[in-house]
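Asks: Listed here are the chains, written in short residue letters.
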Amino acid sequence: MRKKERKLVVTFHTTADAMAMEKTCREFRVPGRLIPVPRVISAGCGLAWCAPLDERAQVERVMRENGIEQEALHECMV
Amino acid sequence: MNLSDSKKKLAAAGVVCGIAAACLAYFGNPANMALCIACFIRDTAGALGMHSAETVQYARPEIVGLVLGAFIISTATGEYRSMAGSSPMTRFVLGVVLAVGSLVFLGCPLRMIIRMSAGDLNAWVALIGFVLGAATGVFALKKGFSLGRAHLANRVSGGMLPAVMLGILILALASTVLRSSESGPGSMHAPILLSLIGGLIFGAFAQKSRMCFAGSVRDVILMKNFDLLTIIGGFFAVMLIFNIASGRFVPAFDTPGIIAHSEHLWSILGMYAVGFAAVLAGGCPLRQLILAGQGSSDSAVTVLGMFAGAAMAHNFGLAASGTSVNAETQEVIAGAVPLNGRVAVIICIIVCFIIAFTNKRSEGR
Chain R
7 MRKKERKLVV
17 TFHTTADAMA
27 MEKTCREFRV
37 PGRLIPVPRV
47 ISAGCGLAWC
57 APLDERAQVE
67 RVMRENGIEQ
77 EALHECMV
Chain C
-16 MNLSDSKKKL
-6 AAAGVVCGIA
4 AACLAYFGNP
14 ANMALCIACF
24 IRDTAGALGM
34 HSAETVQYAR
44 PEIVGLVLGA
54 FIISTATGEY
64 RSMAGSSPMT
74 RFVLGVVLAV
84 GSLVFLGCPL
94 RMIIRMSAGD
104 LNAWVALIGF
114 VLGAATGVFA
124 LKKGFSLGRA
134 HLANRVSGGM
144 LPAVMLGILI
154 LALASTVLRS
164 SESGPGSMHA
174 PILLSLIGGL
184 IFGAFAQKSR
194 MCFAGSVRDV
204 ILMKNFDLLT
214 IIGGFFAVML
224 IFNIASGRFV
234 PAFDTPGIIA
244 HSEHLWSILG
254 MYAVGFAAVL
264 AGGCPLRQLI
274 LAGQGSSDSA
284 VTVLGMFAGA
294 AMAHNFGLAA
304 SGTSVNAETQ
314 EVIAGAVPLN
324 GRVAVIICII
334 VCFIIAFTNK
344 RSEGR
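One line per chain: the protein sequences are R and C, in this order.
7 is the number of the first residue of the first sequence in the numbering used here; add one for each residue after it.
-16 is the number of the first residue of the second sequence in the numbering used here; add one for each residue after it.
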């Protein structure tokens, strides 16, 4: 089981945006993974992108350059 | 109260929901149907006069309780959000598919688990279809399927379905305008107050834990995440213990009296349609009620689609019949899926494929 640590969590308006994020990050070798949106963030059941905190600038750049719209950026224990 | 920060708490949420369902079964709900969203929406649709099948008409307080339970807990914890605008008409059609597929199998995913816990091997067969359907939905997600984003809506909009449910409850308690079965599954029910409390508790815990049958399969396939499946595990364990302890555990296919049939192909295809539609709609029938309770008008429209689908299932002869025993001859009469039901399931699956591969992320932004 993964040890919980503070991570960057990006939430999206749609599941499709989260899937697009995964595809784009794989393509540009940006570290991270898809996770269910943490319950502390939302009562919804969508997907989120989880990445190390120090990848924030790269994550934001990839989203901006590939037209992926975030709902919000969070930092929380995952 | 955070129910999802550990697997133990998630399993405990499933256990609480299981206890609520077991109590409802013990106190009078139909055998093997402690709490079935599709069946109970069908019964409520009958009570409202949306169909005229006399044996399945009863305004189920559990449905009211589930929506109000989610509404109350989400309002109390500040999680109520009135959202709308994500392809409502498509969601209505997916709601119809959820109801028709479920009533051909004879149960929603929740009842499938309950039937599995009672040893009904037909439900284990149907699980194959449900998982394959959910997997097809996941494939569509990977190919860019999207119904578009929902937007914040007028606060009152999200409260409309809970208000309608409250209205149905008041009508059931204070008037005689609603229809009520005198025989058959619709006549079997726990006392109204107990049914309502059971629904409220179930709804509140389902909201806090995000319990979802389609979501659990989706998360395992997509992310190897077992959180939601843990809740189902807790629920299943309680129902299994209850069924064994009460002598209701019968591992068999053709068991009369439990409202099930052994038409395996149609059990698989019925639940395939349900699994597929549920992933596309973003939740199983139970989850749609919960999301509607916490303010999603899109899910409320899906619920209305389920009401329409349930009515269609009986008005057009789509719903399957359960295996039964002739009281005079003691002969076992096999349950069956009528031709209309078979055609409807095929149409439902085709509709799911069309929706899945024509609604793209690029269009719905």
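If you're looking for bench data, these hints aren't it; they were derived computationally from the structure.
Virtual Cβ for every residue (Gly too), placed ideally from N, Cα, C.
Any given hint could turn out to be false.
Computed list of lysine to aspartate or glutamate pairs in DMTMM-like fashion (alpha-carbon distance at most 25 Å, straight line) [unchecked claim]: (1) LYS343(C) with ASP60(R); (2) LYS29(R) with GLU77(R); (3) LYS126(C) with GLU28(R); (4) LYS(-9)(C) with GLU75(R); (5) LYS(-8)(C) with GLU33(R); (6) LYS(-8)(C) with GLU61(R); (7) LYS10(R) with GLU28(R); (8) LYS(-10)(C) with ASP210(C); (9) LYS207(C) with GLU77(R); (10) LYS(-8)(C) with GLU165(C); (11) LYS29(R) with ASP60(R); (12) LYS343(C) with GLU81(R); (13) LYS(-10)(C) with GLU37(C); (14) LYS9(R) with ASP237(C); (15) LYS29(R) with ASP210(C); (16) LYS(-8)(C) with GLU28(R); (17) LYS(-9)(C) with GLU28(R); (18) LYS(-9)(C) with GLU62(C); (19) LYS126(C) with GLU66(R); (20) LYS(-9)(C) with GLU11(R); (21) LYS343(C) with GLU61(R); (22) LYS10(R) with GLU71(R); (23) LYS343(C) with GLU11(R); (24) LYS29(R) with GLU66(R); (25) LYS(-8)(C) with GLU81(R); (26) LYS125(C) with GLU75(R); (27) LYS207(C) with GLU61(R); (28) LYS29(R) with GLU75(R); (29) LYS9(R) with GLU71(R); (30) LYS9(R) with GLU28(R); (31) LYS10(R) with GLU61(R); (32) LYS9(R) with GLU75(R); (33) LYS(-9)(C) with ASP210(C); (34) LYS207(C) with ASP(-12)(C); (35) LYS(-10)(C) with GLU11(R); (36) LYS126(C) with GLU11(R).
Derived coverage of chain R by chain C (criterion: at least 3 residues anywhere in the stretch with Cβ under 8 Å from a Cβ of chain C; other residues may be distant) [stated by the list, open to error]: (37) 32 to 39; (38) 61 to 67.
Asks: With the threshold set at 25 Å, check whether the alpha-carbon distance from LYS(-8)(C) to GLU33(R) stays at or below it.
Replies: Cα-Cα ~37 Å, so violated.
Asks: For the pair supplied as a hint, LYS(-10)(C) and ASP210(C), is the alpha-carbon distance within the 25 Å limit?
Replies: 6 Å, holds
Asks: Okay, the region 32 to 39 of chain R and chain C, do three or more residues pass the C-beta test at under 8 Å?
Replies: As far as the region 32 to 39 of chain R goes, the hint is violated, because 1 residues have Cβ atoms under 8 Å from chain C.
Asks: Within 25 Å, alpha carbon to alpha carbon, are LYS29(R) and ASP210(C)?
Replies: Holds. LYS29(R) to ASP210(C) sits at ~23 Å (cutoff 25 Å).
Asks: Between LYS207(C) and ASP(-12)(C), is the straight-line Cα distance small enough, at 25 Å or below?
Replies: 17 Å, holds
Asks: Is the hinted pair LYS207(C) and GLU77(R) satisfied, with a Cα-Cα distance of at most 25 Å?
Replies: 24 Å, holds
Asks: Just to be careful, I want the Cα atoms of LYS343(C) and ASP60(R) compared with a cutoff of 25 Å; is the pair within it?
Replies: 32 Å, violated
Asks: So if I understand the rule, the pair passes when the alpha-carbon distance is 25 Å or less; does LYS9(R) with ASP237(C) pass?
Replies: 48 Å, violated
Asks: Hint check: LYS(-9)(C) vs GLU75(R), CA-CA at most 25 Å. Holds or violated?
Replies: Not satisfied, since the Cα-Cα distance of roughly 35 Å exceeds 25 Å.
Asks: Measure nothing beyond the straight line between the CA atoms of LYS(-9)(C) and GLU28(R); if it is 25 Å or shorter, mark the hint as holding.
Replies: 29 Å, violated
Asks: Straight-line Cα separation of LYS(-9)(C) and GLU62(C) no greater than 25 Å?
Replies: 23 Å, holds
Asks: Is the hinted pair LYS(-8)(C) and GLU61(R) satisfied, with a Cα-Cα distance of at most 25 Å?
Replies: 31 Å, violated
In summary, the numbered hints that this structure violates are 1, 4, 5, 6, 10, 12, 13, 14, 16, 17, 21, 22, 23, 29, 32, 36, 37, 38.
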